[in-house]
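Sequence order for the protein chains is R and D. According to this note's numbering, the stretch in the first sequence is residues 446 to 850, in order. According to this note's numbering, the stretch in the second sequence is residues 2 to 147, in order.
For the record, the hints were derived by calculation from the structure and aren't laboratory data. Check before you lean on any hint, since a few could be wrong.
[Unchecked claim] Using 30 Å as the maximum straight-line C-alpha spacing, the simulated DSS-like pairs for lysine-lysine come out as follows:
1. Lys837/R / Lys23/D
2. Lys670/R / Lys560/R
3. Lys837/R / Lys126/D
4. Lys837/R / Lys80/D
Only a predicted model underlies this, so the values are computations on that prediction, with no experimental measurement involved.
Okay, here's what each chain looks like letter by letter:
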Amino acid sequence: MLQLPVYLDNNATTPLDPRVLETMLPYFTQHFGNASSRHHAYGWAAEAAVDLAREQVAALIGADPKEIIFTSGATEADNLALKGVFEMYADKGNHIITTEIEHKAILDTCRHLEKLGASVTYLKVNHEGMIDLKELESAITAKTILVAVMYANNEIGSINPIREISAVAKRHGVLMMSDITQAAGKIPVNVNKDGIDLAAFSAHKLYGPKGIGALYVRRKSPRVKVTAQMDGGGHERGMRSGTLNVPAIAGFGKACELALQEMEEEGKRLAAMRDKLENALLQLEETYVNGSRTHRLPHVSNISFRYVEGEALLMGFGKEVALSSGSACTSASPEPSYVLKALGLGDDLAHSSLRFGLGRFTTEEEIDYTINAVTATVNRLREISPLWEMFKEGVDMNAIEWSHH
Amino acid sequence: MSYAERVLEYYNNPRNAGTLDKSSQHVGTGLVHVSEYVDVVRFQVEVNPVTHVIRDARFKTFGCGSAIACSSIVTEWIKGKTIEEAFRLDHMEIVEALSLPPSKIHSAILTEDAVRAAINDYRVKNGMEPAEEEYEEPADYYDERD
Numbered sequence: 446m447l448q449l450p451v452y453l454d455n456n457a458t459t460p461l462d463p464r465v466l467e468t469m470l471p472y473f474t475q476h477f478g479n480a481s482s483r484h485h486a487y488g489w490a491a492e493a494a495v496d497l498a499r500e501q502v503a504a505l506i507g508a509d510p511k512e513i514i515f516t517s518g519a520t521e522a523d524n525l526a527l528k529g530v531f532e533m534y535a536d537k538g539n540h541i542i543t544t545e546i547e548h549k550a551i552l553d554t555c556r557h558l559e560k561l562g563a564s565v566t567y568l569k570v571n572h573e574g575m576i577d578l579k580e581l582e583s584a585i586t587a588k589t590i591l592v593a594v595m596y597a598n599n600e601i602g603s604i605n606p607i608r609e610i611s612a613v614a615k616r617h618g619v620l621m622m623s624d625i626t627q628a629a630g631k632i633p634v635n636v637n638k639d640g641i642d643l644a645a646f647s648a649h650k651l652y653g654p655k656g657i658g659a660l661y662v663r664r665k666s667p668r669v670k671v672t673a674q675m676d677g678g679g680h681e682r683g684m685r686s687g688t689l690n691v692p693a694i695a696g697f698g699k700a701c702e703l704a705l706q707e708m709e710e711e712g713k714r715l716a717a718m719r720d721k722l723e724n725a726l727l728q729l730e731e732t733y734v735n736g737s738r739t740h741r742l743p744h745v746s747n748i749s750f751r752y753v754e755g756e757a758l759l760m761g762f763g764k765e766v767a768l769s770s771g772s773a774c775t776s777a778s779p780e781p782s783y784v785l786k787a788l789g790l791g792d793d794l795a796h797s798s799l800r801f802g803l804g805r806f807t808t809e810e811e812i813d814y815t816i817n818a819v820t821a822t823v824n825r826l827r828e829i830s831p832l833w834e835m836f837k838e839g840v841d842m843n844a845i846e847w848s849h850h
Numbered sequence: 002m003s004y005a006e007r008v009l010e011y012y013n014n015p016r017n018a019g020t021l022d023k024s025s026q027h028v029g030t031g032l033v034h035v036s037e038y039v040d041v042v043r044f045q046v047e048v049n050p051v052t053h054v055i056r057d058a059r060f061k062t063f064g065c066g067s068a069i070a071c072s073s074i075v076t077e078w079i080k081g082k083t084i085e086e087a088f089r090l091d092h093m094e095i096v097e098a099l100s101l102p103p104s105k106i107h108s109a110i111l112t113e114d115a116v117r118a119a120i121n122d123y124r125v126k127n128g129m130e131p132a133e134e135e136y137e138e139p140a141d142y143y144d145e146r147d
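Isolated chain R (complex conformation) (with noise of 0.2 Å):
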């Protein structure tokens, strides 16, 4: 039986792997001490617990559990990243170089260390989401002191070659960050192999829970320091304190364990479905694929349909499946996706656009649903749409006389 509407929207969120809540469970009631409490069991079932986590979470990325900062979730992680190094390596520069299709919290972090006298250059990226890494070195200067690219895009799932942009940081002695939020878990990120120094990522993206993630801080060549971005009882080698959310980090430790185990497999399955969808929808005339379809996550495709608006198509199958566009109809001039036009989309693509995101849980039958309920949506709104019918009419869309208004 089909549980309405369908989830598509796992680059959001995922649900709980019940094999995590089952993990978390004790730690809220049973073993509830604090793992800063060394001096009795409660307090060392804990700490337990946390050393556990920390070397399911270490694990799923290469790393040493050391390295592993646990925060509140990837935004936090962004920020300690961002803000950290650049007051701890404010001797040796103010220059940040990062994209301009990062995360909302890589982008606004920089805006507001530019306030405080950083320079920031953001990237620009071609029409598959990909950096110049010809631009990238030539943007490197004396005072560069980070590179920050995410390692997999949240809207389209372009996958950008970590390896090869690291490798150009490295040779001008600049830091290496990465924000793998949708990487990770999802196909391999490994931080030695990647060349990454600091990496930021949650566990609600990998089927854990919400308002826990962690920042990887590389201690070995070369030893990363950040400074912290939260005083108090010293927690997390004095780089993020605050009591540990116990039950949360156990359950992020297992959603990595479980990760690690399950991504191949899991990787195969879900491409396969996406690409079913993708090939069904691309059916469709004045249809398109955003971003790259090779370097990609094999869980993502962000598709568009032209002349119909994404917010119309949404409410269209509001009950049958969740997912989310890349428009954004609220205002009298409301601006679509900045990483869609970053991609060089016109409006018409950029309003148009769907993001679908399977999931460990998406079934085959929910992919044919959706298949059925989409293509209906569309071809329904394209019935009412003038832009359609001028289309298929041959009208050419730049000579349009609008009316005076």
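Using the hints, position chain D against chain R.
Positioned in the frame of chain R, the structure of chain D alone reads:
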């Protein structure tokens, strides 16, 4: 975001979606947009040349669900009205009827514009002066939007 029940009703079962013969002497067509690919409304009226009563109205709209609902509800309202009466349609009537949030008021304004453009197209086609807009926008109007 949740939508008012009436928006959903008009969105799911749009009344009077379609096309009238643009070349007919009795048909006025208005094609308006916010920007080229955000909310495009084509509104058409078919008018009795003797009484100037609107006999039929049709729309096609590209835009969010609210924009579609605005266009559709107005096609129902203006049938049977004279072109003078229909021209005085106020977008706030649409806003109230559909319980639109402030962020969607632009959709109602666009529909109002489309109706007036269609009526004026008919007027000009039939040798009349285009009617003038009368309403005033409060100075702080734009601040009220999302």
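Hint numbers not upheld by this structure, sorted from lowest to highest: Going through the list in order, the structure violates no hint and respects every one.
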